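If you read the sequences in order, they're chains A and B.
The first sequence lines up with residues 1 to 513 when you count with this note's numbering.
The second sequence lines up with residues 1 to 173 when you count with this note's numbering.
Be aware that one or more of the hints could be misleading.
Here are the simulated lysine-lysine pairs, DSS-like style, with alpha carbons at most 30 Å apart [to be verified]: (1) Lys465/A - Lys169/A; (2) Lys382/A - Lys286/A; (3) Lys166/B - Lys82/A; (4) Lys427/A - Lys313/A; (5) Lys465/A - Lys382/A; (6) Lys427/A - Lys382/A; (7) Lys470/A - Lys45/A; (8) Lys142/B - Lys82/A; (9) Lys44/A - Lys166/B; (10) Lys110/B - Lys16/A; (11) Lys166/B - Lys169/A; (12) Lys42/A - Lys179/A; (13) Lys68/A - Lys16/A; (14) Lys110/B - Lys42/A; (15) Lys110/B - Lys68/A; (16) Lys286/A - Lys82/A; (17) Lys313/A - Lys456/A; (18) Lys286/A - Lys179/A; (19) Lys68/A - Lys45/A; (20) Lys44/A - Lys470/A; (21) Lys313/A - Lys82/A; (22) Lys382/A - Lys456/A; (23) Lys286/A - Lys427/A; (24) Lys110/B - Lys286/A; (25) Lys470/A - Lys456/A; (26) Lys169/A - Lys286/A; (27) Lys166/B - Lys45/A; (28) Lys16/A - Lys166/B; (29) Lys169/A - Lys423/A; (30) Lys382/A - Lys470/A; (31) Lys169/A - Lys179/A; (32) Lys423/A - Lys286/A; (33) Lys137/B - Lys286/A; (34) Lys179/A - Lys166/B; (35) Lys423/A - Lys313/A.
Incomplete in silico selection of chain B near chain A, CB under 7 Å [stated by the list, open to error]: (36) Val55; (37) Leu153; (38) Ala157; (39) Leu163; (40) Leu164.
Honestly, the hints are just simulated from the structure, not real lab data.
Because the structure is a prediction, the values reported are computed rather than measured.
All C-beta atoms, glycine included, are put in the ideal place defined by N, C-alpha and C.
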Amino acid sequence: MLGDSLKLVNNILGIKDIAAFSPQIQLLIWGIAILLLSVFVKDKKSRMNISFYFSLLGVFFSGWSYIKLLRLEGIYDGEGIKFFNGIFKLDGITIFFYGIFLLAGLLTILLSKRFLEEESTFESEYYSLLLLSIMAMMCMAGSNDLIGIYISLEFMSISIYVLVGYLRKQLRSTEGAIKYFILGAFSSGLLLFGMSFIYGMGGTTNLTQLFRILTGGKSAISEPLLVLSMLLILAGMGFKVAAVPFHMWCPDAYEGAPTPITAFMSVAPKAAGFVIFIRLFFSLFKTITYEYVSVLALLSIITMTVGNVIAVKQTNIKRLLAYSSISHAGFILMGLLARNEFALKSIGMYILCYLFMNIGAFAIVIVMRRKNIIGEELDDYKGLIHTHPVMASFMTVFLLSLAGIPPTAGFVAKYFVFSTVIKEFLKSGDRLLLYVAVVGAINAVIALYYYFRIVKRMFMGEPTKESEEKVAVNFYSGLSIGIAFFFTLFIGVYAEPFIRFADLIGNSFRSLF
Amino acid sequence: MAEIIFWSLSAIALVFSFVVILAKNPVRSAIALIAVLLAFAGLYLILDSEFIAGVQILVYIGGITVLYMFVVSMMRLKRINVESQFSRQWLAAIISAIAFFVEVIYFILKGKDFFKMGMNSKIEVANGLGTVENVGKVLYGKYVLPFEIATVLLLAAIIGTVLLAKREKKEME
C-alpha cells in the first residue's frame with residue numbers, strides 16, 4: 001500500500017517536473033519571504049527597503065532559473081517538452097513569454113520604490129502580490145490544459161484586482177478595483193462557459209488531445225457549438241486584453257491603480273491574455289476560418305478605432321495611455337488574423353516592443369509625480385522641455401515609439417503586424433484583411449495626433465510655477481527608464497537580435513498542435 | 001425507488017425555490033435556499049456523485065449561504081422588509097425567463113442533432129466515477145499542478161483580503 005502510494009507520488013511529481021517549474025517556485029518563495037518579513041522587521045521604513053530588495057532578488061533568481069531552462073534540450077523543436085502529465089508545456093512560446101513577464105516585473109519593481117515613498121503608503125503585500133502575479137502569468141503561458149489555463153488566469157486576475165485597489169484610501173483606486181473585479185468575474189464566467197462546451201465535445205481538457213479530436217475531421221463535431229464556444233472564449237479573453245466591446249473597466253482601473261501597477265497591467269496581463277489567444281485559437285479552432293477571421297477582424301477594427309478616437313479627448317495622461325493601450329491591443333489582434341508562423345512572430349515582436357515603450361511612458365508619469373503636483377494632467381507637462389529637458393526628450397521618444405515612427409521600436413512592431421495582415425491578404429484574397437490594414441494605417445495617424453498633443457505641451461507650453469519644482473529621480477527608477485529607453489531605441493535601430501528572440505515563438509508554431 | 005426519490009427531491013427544490021423569491025423576510029429566503037441546495041445535493045447522490053454532493057453541502061450551504069446570512073444580519077432588516085421584493089423590471093424579467101425556458105425545452109427536445117455533445121469522448125462512465133476516492137486520485141494525480149496552483153491562488157486571495165480590509169495603523173512618516 002505504502003509502496004503504491006510512493007510510486008504514485010513519484011509518477012505525478014518527478015524531480016524533472018519540479019525543475020521545470022523552478023522559475024515560478026522562486027517567485028513564490030520570495031513572495032512569501034516578503035510577507036514573513038513583517039514579522040521580523042518592525043520598522044516600516046527598513047521593511048519597505050528590504051521588501052524591495054527581496055522582490056528584486058525574487059525576479060533575479062527566477063530569471064536565473066529561467067536562463068537555466070533555456071538550455072534544456074527539446075524545448076525548441078517540434079512539440080516542446082511536457083510536464084505534469086501533459087498539463088504544463090515548455091516550448092518556445094512559454095520561454096518567450098517568461099522573458100516578457102520577468103522583464104515587465106523587473107521594470108515595475110524598479111519603478112515601485114519611488115512611487116511608494118512618494119505616496120507614503122507601504123504594505124509588504126504589494127511586492128508579494130506582484131511576484132505572485134508574475135508567477136501566475138508564467139503558469140498561464142505554459143498551460144497546456146483548459147483547467148490549468150483557467151486556474152492560473154484566475155490567480156493572475158485576483159492578484160491584479162487587489163493591486164489595483166492597493167491605494168485603499170483613495171476613492172478612485174477602490175472604484176477601479178471594484179469595476180475591474182466585477183467585470184473580470186463576469187468575463188471569467190463567459191470563458192468558463194466556452195471551455196465547458198469544448199470539454200463537452202472533446203471529453204478531455206488536454207489541449208493536445210482536444211486538438212486531435214476537434215480537428216480530426218470527424219462528423220460528430222458540431223460546427224455551431226464550436227463556433228459558439230469560440231465566441232464565448234473570445235469574449236472572455238477580450239475582457240482580459242481590453243478589446244473594445246469589453247474595455248469598459250480599463251480606463252477606470254488604469255487611472256485608479258498605483259501608476260507602477262498601471263504600467264505593469266498594461267503590458268503583462270495583456271501579454272498573458274494573448275498567450276491564451278495563441279494557445280486556443282491557433283490550434284483548437286483551426287477549422288473555423290470564416291467566422292474566426294470576420295469576428296476577429298471586426299474586433300480588431302473597432303478596438304483600434306474606439307481606443308484611439310476616445311484617447312484624443314482625454315486630459316488625464318493615465319487615461320490617455322489607457323485608451324492608447326486599448327488601441328495597441330487592437331493592433332496585436334491584427335497579428336492574430338493570420339494563423340501561421342509569421343503571425344506568431346509578429347505578435348511576439350509587438351508585445352516585446354510594446355513592453356519597453358509603454359512601461360517607459362508610464363515610468364515618466366511616475367517620475368513626474370511630486371508631492372504638491374500630481375503630474376497626471378496633460379497640463380502638468382507644459383513646458384517640460386525647459387524644466388526637465390532629459391525627461392521631456394525621453395518621453396518624446398517613448399511617445400514617438402508608441403505612435404510607430406521609424407527609428408524606434410514601435411515602428412518595427414507595427415511593421416511586423418501590418419506585413420502579417422498584408423501577406424495573409426495576398427494569400428487568401430480576403431478583402432476584409434485589406435480593410436483591417438487600411439483602418440490600422442488610419443489609426444496610426446490618429447494616434448500620432450494625440451501623442452503629439454503631449455509632445456506639443458512639453459515643447460511649446462509655458463511651464464507653470466509648480467511644475468518647475470525639481471524632480472528627484474532615484475537610481476532605480478532612473479535605471480528602469482534607462483532600460484526602457486535603451487531598448488526602445490535599440491530595437492528600432494538594430495532589430496536583428498530581437499527578431500531572433502521572437503523567432504523562438506514563431507518556430508514553436510508546430511508545438512501548438 | 002430512485003424515481004420516487006428523484007421526483008420528491010425535485011418537488012422540494014422547486015417549492016423552496018419559490019419560497020426563496022417570494023418570502024418577504026430575507027432570513028426566511030436564505031433558509032429556503034439551504035433547503036433547495038440540500039435537495040440538489042440529494043439529486044447528486046442519486047447520480048452516484050458523492051463528491052459533488054459533499055462539496056455542495058460544504059461549499060454552498062456551509063459557506064455561501066452562511067455568507068448570505070452574515071450580509072442579511074449586517075444590513076438593517078426593517079428597511080428591506082418595507083421594500084417590495086420585485087424590481088420595476090419584473091415584466092421584462094418574466095418574459096425573458098419564459099423565453100429562455102422555452103428555448104431550453106426546445107433544445108432538449110430537438111437540439112440533439114444540432115449540438116452534438118460528448119460523441120467523441122472515449123471515456124466511459126466507470127463505476128464509482130464520482131466517488132471521493134476517484135476524485136481525489138485525479139486531483140492529486142493527473143491534475144496535481146492546477147491543484148497546487150489553486151492553493152497559491154487561495155493564498156493570494158487571502159493576502160489580498162487582508163491587505164484591503166486591515167485597519168490603517170500609524171502612517172509612515
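Results for each hint:
A hinted pair counts as satisfied when its Cα atoms are at most 30 Å apart, and Lys465/A with Lys169/A qualifies at roughly 28 Å. At most 30 Å may separate the alpha-carbon atoms for a hinted pair to count; Lys382/A and Lys286/A exceed this at roughly 50 Å. Only pairs whose Cα atoms come within 30 Å are accepted, and Lys166/B paired with Lys82/A is rejected, the gap being roughly 42 Å. A threshold of 30 Å between alpha carbons decides the hint, and for Lys427/A with Lys313/A the separation of about 39 Å lies outside it, so the pair is violated.
Distance restraint check for Lys465/A and Lys382/A: the Cα-Cα separation of roughly 11 Å lies within the 30 Å cut-off, and the hinted pair is therefore satisfied. Between Lys427/A and Lys382/A the CA atoms are separated by roughly 48 Å; this puts the pair beyond 30 Å, and the hint is violated. Pair hint Lys470/A plus Lys45/A holds up; C-alpha atoms about 24 Å apart against a cutoff of 30 Å. About 13 Å separates the Cα atoms of Lys142/B and Lys82/A, which keeps this hinted pair within 30 Å; it holds.
Distance check on the hinted pair: Lys44/A and Lys166/B sit about 16 Å apart at the alpha-carbon level, within 30 Å; holds. Restraint check: the Cα-Cα separation between Lys110/B and Lys16/A comes to about 50 Å, which exceeds 30 Å; the hinted pair is violated. Distance hint between Lys166/B and Lys169/A is fulfilled; the C-alpha atoms sit about 12 Å from each other, no more than 30 Å. Note on Lys42/A and Lys179/A: the hinted pairing is violated, with a Cα-Cα distance of about 34 Å set against a maximum of 30 Å.
Distance hint between Lys68/A and Lys16/A is fulfilled; the C-alpha atoms sit about 13 Å from each other, no more than 30 Å. Annotation: proposed proximity of Lys110/B to Lys42/A is violated, straight-line Cα distance about 68 Å (limit 30 Å). Note on Lys110/B and Lys68/A: the hinted pairing is violated, with a Cα-Cα distance of about 56 Å set against a maximum of 30 Å. At most 30 Å may separate the alpha-carbon atoms for a hinted pair to count; Lys286/A and Lys82/A meet this at roughly 22 Å.
Simply put, Lys313/A and Lys456/A have alpha-carbon atoms about 15 Å apart, close enough for the 30 Å limit, and the pair holds. Annotation: proposed proximity of Lys286/A to Lys179/A is violated, straight-line Cα distance about 34 Å (limit 30 Å). Of the pairs offered as hints, the one joining Lys68/A and Lys45/A is violated, with about 35 Å between alpha carbons and a cut-off of 30 Å exceeded. Restraint check for Lys44/A and Lys470/A: the C-alpha separation of about 26 Å stays at or below 30 Å, so the hint holds.
Distance hint between Lys313/A and Lys82/A is unfulfilled; the C-alpha atoms sit about 48 Å from each other, more than 30 Å. With a C-alpha separation of about 8 Å, the suggested pair Lys382/A and Lys456/A falls inside the 30 Å cut-off, and the hint holds. At most 30 Å may separate the alpha-carbon atoms for a hinted pair to count; Lys286/A and Lys427/A meet this at roughly 17 Å. The suggested pairing of Lys110/B with Lys286/A holds, with an alpha-carbon distance near 28 Å, which does not exceed 30 Å.
Distance hint between Lys470/A and Lys456/A is fulfilled; the C-alpha atoms sit about 21 Å from each other, no more than 30 Å. Distance hint between Lys169/A and Lys286/A is unfulfilled; the C-alpha atoms sit about 48 Å from each other, more than 30 Å. Of the supplied pair hints, the one linking Lys166/B and Lys45/A holds, its CA atoms being roughly 19 Å apart against a limit of 30 Å. As the CA atoms of Lys16/A and Lys166/B are separated by approximately 40 Å, the hinted pair breaks the 30 Å bound.
With a C-alpha separation of about 51 Å, the suggested pair Lys169/A and Lys423/A falls outside the 30 Å cut-off, and the hint is violated. Distance hint between Lys382/A and Lys470/A is fulfilled; the C-alpha atoms sit about 15 Å from each other, no more than 30 Å. For a cut-off of 30 Å, the pair hint linking Lys169/A to Lys179/A stands: about 17 Å separates their Cα positions. The suggested pairing of Lys423/A with Lys286/A holds, with an alpha-carbon distance near 19 Å, which does not exceed 30 Å.
For the hint pairing Lys137/B with Lys286/A, the CA-to-CA distance comes to about 33 Å; that exceeds 30 Å, so the pair is violated. Under the criterion of a C-alpha separation no larger than 30 Å, the hint pairing Lys179/A with Lys166/B is consistent with the structure, at around 21 Å. Using a Cα cut-off of 30 Å, the hinted pair Lys423/A and Lys313/A is violated, with the two alpha carbons roughly 34 Å apart. Checking Val55/B against chain A: minimum C-beta separation of about 16 Å lies over 7 Å; hint violated.
Checking Leu153/B against chain A by beta carbon gives a least distance of about 4 Å; that is within 7 Å, so the hint holds. Checking Ala157/B against chain A by beta carbon gives a least distance of about 5 Å; that is within 7 Å, so the hint holds. Below 7 Å, beta-carbon pairs count as interface contacts, and Leu163/B has one with chain A at about 4 Å; its hint therefore holds. With 7 Å as the threshold, the beta carbon of Leu164/B comes within range of chain A, its nearest partner Cβ sitting at about 6 Å, so the hint holds.
Checked against the numbered hints given earlier, this structure breaks hints 2, 3, 4, 6, 10, 12, 14, 15, 18, 19, 21, 26, 28, 29, 33, 35 and 36; the rest are met.
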